[in-house]
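*Asks:* Taken in order, these protein sequences are the chains called B and U.
The C-terminal position of the first sequence is numbered 169 in our numbering, with every residue numbered one higher than the one before it.
The C-terminal position of the second sequence is numbered 242 in our numbering, with every residue numbered one higher than the one before it.
Worth flagging that the hints you see were computed from the coordinates, not collected in a lab.
Note that this is a predicted model, so its numbers are computed, not measured.
Where a beta carbon is used, it is the ideal one built from N, C-alpha and C, also for glycine.
Treat the hints with care, since some could be wrong.
Claimed, not checked - Chain U stretches covered by chain B per the calculated footprint, using a threshold of three residues with CB under 8 Å from any CB of chain B:
| hint | segment |
| --- | --- |
| 1 | 115-128 |
| 2 | 175-186 |
| 3 | 214-227 |
What the hints assert, rightly or not - Beyond 10 Å from chain B on every Cβ pair, some chain U residues (computed):
| hint | residue |
| --- | --- |
| 4 | Val-108 |
| 5 | Lys-110 |
| 6 | Ala-156 |
| 7 | Asp-157 |
| 8 | Lys-168 |
| 9 | Pro-169 |
What the hints assert, rightly or not - Chain U is nowhere near these chain B residues, computed Cβ spacing over 10 Å in every case:
| hint | residue |
| --- | --- |
| 10 | Arg-13 |
| 11 | Asn-130 |
| 12 | Cys-157 |
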Amino acid sequence: MTGPALHTSHLTLRVADLGRSVRFYRDVFGFADLGTDADGRTLLGAGGTVMLALELARDADAPRPRVEPDPFIGMEHFAFEIAPDDFETLRAFYRRLKAVGAEIHHTVDHIVTNSIYFLDPDRNLIEAYVNCPRERFQAMEHPYGSLESLDDALEGKCLPTWMREAAAAK
Amino acid sequence: MSVTHPEPHTGMSSGTGAGFTVRKAGHVVVRVKDPERTARFFEDIVRDIRGFTRKGVVQRGMHFLTSDFADNHHMLLIRPAKPGATAQDADALVGMARVSFEITDPTGFERVVARLIEKGIRPEIDAGHGRKAVRFRDADGLPYEFWCRTGAGGAP
């Protein structure tokens, strides 16, 4: 197939306290500071790739985003893939979120992904996820169906669905 | 990808050794008045993009769009807003100001710009520093950007 390709590039956040947000994303995701762009935005990312741009709000007291379950029209959340099919990395990330005092909103075993949803200092809803192995989700007819909690798996009490299914298939 | 920066570095410290490296920006989820309308809008403006597809409509009227299912099962998830929901003005918020997608070549980028104009949208074009970007809002007022590299060192 020919033609241009498209991929998700980055999220621009307007923040109330630039230093606080830089510290948060550096501590949580391990993002590196990649400098500033021509618009004065602070660029953060990994592996030299910009994934997040932070700009300081003119009014630090401006309204914050509404978060589920409140009804709203707008951007609900933005997601970062933190590792390919490595659930232990997600468990370590879960412990890190708790260590830095981040507010965990909810967790989901989507089967195709294992996801943690949490709030940043401005109450933006952010998702960190790991996928199940690609050969598994590529074979799924509808890979987005499950909304079960992932809490027990993250606490080490059980395995996520895809790992249980893989173990059962052996 | 390597990034070059036309402005001075801030001097802030780099990553703190998280024990992992974030692999990629994955997707955005939006709440809209009319998910079918929004999905058709994106299908129309990026219809020349390689592999772009609406993967399926599953439970609760959600639409999953991606151009690279093998690596990213969705880039944009469009969900219906709940009854009684009102719009948040992204310009007035501390919060998500814009979501950006990269198009890999300038020709594809110009086609997207043309499609936006065909739809009566007056996009904001931002060019320079080895890249070109178009910023626009959808029917619900949600802010997006498409950008492409136009020269060496081009970065968001």
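*Asks:* List in ascending order the numbers of the hints, as given earlier, that are violated by the structure.
*Replies:* Hints 4, 5, 6, 7, 8, 9, 10 and 11 are the ones this structure does not satisfy, whereas the remaining hints hold.
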